[in-house]
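Visitor: Full structure from sequences and hints, please.
Each chain, written out:
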Amino acid sequence: MSVEATVPEVADVANRRTQRPAAATKFRSLVTNRIGSAVAVVIAVLWTIPTFGLLISSFRPEADIKSSGWWTFFSDPSFTLENYQEVLFGRASSGALATYFINSLVITVPATVIPLVLATMAAYAFSVLEWRGRDWVFVGVFALQIVPLQMALIPLLRLFSSSELLEPFPFLSVWVAHSIFALPLAVFLLHNFMSDVPKELVEAARVDGAGHVSVFLRIMLPLMAPAIASFAIFQFLWVWNDLLVGLTFTGANNAIQPLTARLAEMAGSRGQDWQLLTAGAFVSIILPLIVFLALQRYFVRGLLAGSVKG
Amino acid sequence: MKRTTARRTGAAVAGGLAFALALTACSGSDLGGGGDDGGDGGGDAACEDYADYGTFEGDEVTILSSIREQEADQMEDTFVDFEECTGIDVVHNGIGEFETQVVVQAEGGNAPNLAIIPQPGLLARLVNDGYILEPNEQTVANAQEGWTEEWLNYGTVDGTFYAAPLMASVKSFVWYSPTAFEENGYEVPTTWDELIALSDQIVADHGGDGVVKPWCAGIESGGATGWPATDFIEDMVLREAGPEVYDQWVTHEIPFNDPQILAATERAGSILRNEDYVNGGIGDSRSIATTSFNDGGLPILEGNCFMYRMASFYEAQWPEGTDVSPEGDAFAFYLPGDDADSKPLLTAGEFVGAFDDNEATQAVQAFMSSGEWANLRVTIGGVTSANNAVDPANASSDVLRLAIELLQDPDAVSRFDGSDLMPSAVGAGSFWTGMTEWIDGADTQTVLDQIEASWPAS
Amino acid sequence: MDFFLYNKFGQMLLVIIVFAALIAVLLAIAWAADRWIGKGRRWAALAVFGGPALLLLAVGLIWPAIRTFYMSFYDAGTNNAVGLQNYVFTFTNTGAVIAFRNTFIWVFLVPIASTLIGLIYAILVDRSKFEKIAKSLLFLPMAISFVGAGIIWKFVYEYRGAAQEQIGLLNAFITWLGFEPVRFLQDAPWNTLFLIAVMIWIQAGFAMVILSAAIKAVPTDIIEAARLDGVNAWEMFRNITVPSIRPSLVVVLTTISIATLKIFDITRTMTGARFDTQVLANQMFDYSFVFGDNGVGSAMAVAIFILVIPLVAYNIRQMAKNRAVRG
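Residue numbers (the numbering used here), protein chains in the order written: chain A, -3 to 306; chain B, 40 to 497; chain C, 393 to 719.
Worth double-checking, as some hints may not be accurate.
[Unchecked claim] Residues from chain C that face chain B, not an exhaustive set, calculated with beta carbons under 8 Å:
#: 1; residue: N399
#: 2; residue: E572
#: 3; residue: V682
#: 4; residue: D685
Since the hints were derived computationally from the structure, they do not count as laboratory data.
Treat the numbers as computed from the prediction; the structure is a model and nothing was measured.
Every residue, glycine too, gets a C-beta built ideally from N, C-alpha and C.
Guide: If you want it as structure tokens, here you go:
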């Protein structure tokens, strides 16, 4: 390579480094920006159309939903807010929606926080700490993912029913149940991210005299932020949309059941009023969506951005 | 950059906290201790009616059921005076997945005090597992006074009576449009042959475009897909073979693929699998399998079909504003027997079982088994009961009035829904799936053989 | 104090505070152990970091798993031992062939398709102007419950006879083109594929989120070094990007596979497992909870567990390989 050729190259690279250095950029420039964007747009549109159809349907009267396609809404609009009204204010005597919304929130937040903390700590135990049998125990934890939670419902419920704590603290069993079911996957995911952290970082710190707690709190946690944020979103969604665990461990008690139970209730005793379910589905999406958008910015930062020098 | 993000996070957190605080002010965020207790009992003259049930000091009795929404509100209204006069706090929880949850809660040691059980088969299972206890004498007396022996048998397991019936529904109904019948000069049929003749008449009058058909049907229902077809078959067994054979069939004294059952199924097929007869407004006979039973009757309103065989509770499925009356847009006639005199009636209902023998629990159970409760509930509206003490005039709609009259008709031969009596591996399993396959085109004999093979050994 | 006891939010805050306090205590113990005790140090750290999770798992999952295994050798009410009868039933009942076939199809297609779409999409929108919105759109299906997803796709797949007006999106399109409407959910064996499409629709968002994070984690130094060496974009993708995110790819594929083995909601709500769409997880639910047969239900759960073993084995080998590389 001659000098004249190298200099512009280096300058080029330097330019790009200040702009958007990423493997993705190169990939896109191969496929040309246009084709790549077009593909992305097509995928995005395909993915959104079904949900869009649901959104439109939620504003249509019951009879129309069942007799014509939702796209006819544009040529022959018949708009109604009745479905939303029924979902939000129906059975207003019991303060319906607010109660269930609160229940879902009260159930979901601890059921996200608790397993997250425990799993992060456990992931540390499986990646940084060295101990005999570590790998086999990890395999066991990983394999526990497959235990269907239906199998665990009755034994766990029996355990809780005999406890006195449920009277004053009825949500306790739901929180613990959700935490238990989340652990195998959480530990697995977080362990994988944690293993990506170079050993040198940890070793350097320990050589400097840092104990495990310091390493965990000062080094691991900041680096794990994107992974923790990812899992927090998934766990939040999973608990927010769950019905079976919520129903079972709230003792089928209407007053403390989550939002999903309310939606299932709207299906009515003898069938599905799915014009209500369309509106209900959207009402229950709002909060998870906010959570997703709020935590999303953690992904923008790279896991090891600028932390390793040469 | 960092400061703006920090500020944004702070704003978000602050907003979240404010929102949460606002919600705390909502009554929905209070736990227990709240709510209005009856307070001073005995102040009402009406309490003498409730004197038999005793007085308590705020004991709580929980009832678990699959009744939700408006129906649940209505049912809870029946307890208002009772609670005030006896001091019992009746807490009702209605949930979907009732059949699963009642078993899970019972096995998990967290059973409710009472449960409203729609399937005698499930009742038997809970009794045999030792969860349900016998009711007190008051309940037994009420039950014997209020219902016929057939009904009491359904609440009996191995010779011991456990649960009194609660409400009922009539399944041998055909929904139609009185105005459409009027316009076309059709008469409500009173025998099976007249029904078929009417169907043929409709084919002759309207069968040209391939859209309008005499019958529409829908059997889709999520995990329970197929149950409306089982109802149809049961109605046919009652007519084709008679009530004794029906009893033998549901208790497995005769095999499921007995020739009489085959004949009954084929009779149902003469409508359900007849391309000239079905599926009005939707498609061909196979489309019945993917049409939900809620939507199954709607083509009647559009004039695309004329008859829909479905239970009395379908009344709630008509869109708001539909005139459900003998001269209106929609009404129901009794699915006729083979001749004008025979009145086989397919019914369904629930049974109230107790999981413990606390006095308060038994008091509530006794109240629910009484004629007073039945009349109270029917008056509030929306349902029927097979209790003898119910006055049809109390019914809240014409369809319900008709249903009560049929239920109380001494000539009617009523039988409970068969699939609710069979073991759940069949009644909530192979019978449902078999019927779906049958509608989808499978051979009748093969389907019946498969269902027979799946009947549990014990 | 009343707030914490009698208000739902109060209880929620209480449990979080109590939990935080417990964790703080545990960490304090580990910290102290680090400073003072010499030998027991490692075990103290292990007990603190791994203990709580392992304890919960033992009580909540290991014990039920053992119990399930035990029940699989007994009859419906767990009263009499029946040997391998339940397992024979699991593999030979009339629906077994279909259930196993379908389950295999699900486990093969869903992870591969979801991961592929998630990966491609993640790369395409990485650091673009509309990244946030684009990601949200693909992720949206995950935020919708399975019941909601069932309804959404009902509006897509709905079938009406040829003479009727179509209310399902796909059939409307097909009839507009002049063809006969298709019974998407009713005609076997393709109906399974249409159910699988729903699962892919949901899981692609999951794959995208994880892989997007992994892509962003590829150290820029490596990329620059490769670029200086003059590799083109395709080589970059194949030799740098994919190997770098390989652990995440394995994670995503495995997680989605396991989830696919367990999920029965889609099948149950959209076709009720009729029309030859039965899957093992749904059968297990039916036998355990609807038919009340604990023996067969447990045997089916164990069968599903056995199917997972290859996935577990593959993962173990991958982890061992990664460890060898990382050193």
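Visitor: Each hint needs a verdict: does it hold in this structure or not?
Guide: Evaluation of the provided hints:
1. Checking N399 (chain C) against chain B: minimum C-beta separation of about 6 Å stays under 8 Å; hint holds.
2. Taking 8 Å as the C-beta contact cut-off toward chain B, the hint placing E572 (chain C) at the interface is violated, the least distance being around 11 Å.
3. Taken as an interface hint, V682 (chain C) checks out: its beta carbon lies about 5 Å from the nearest beta carbon of chain B, inside 8 Å.
4. Look at D685 (chain C): its Cβ gets to within about 7 Å of chain B, closer than 8 Å, so that hint holds up.
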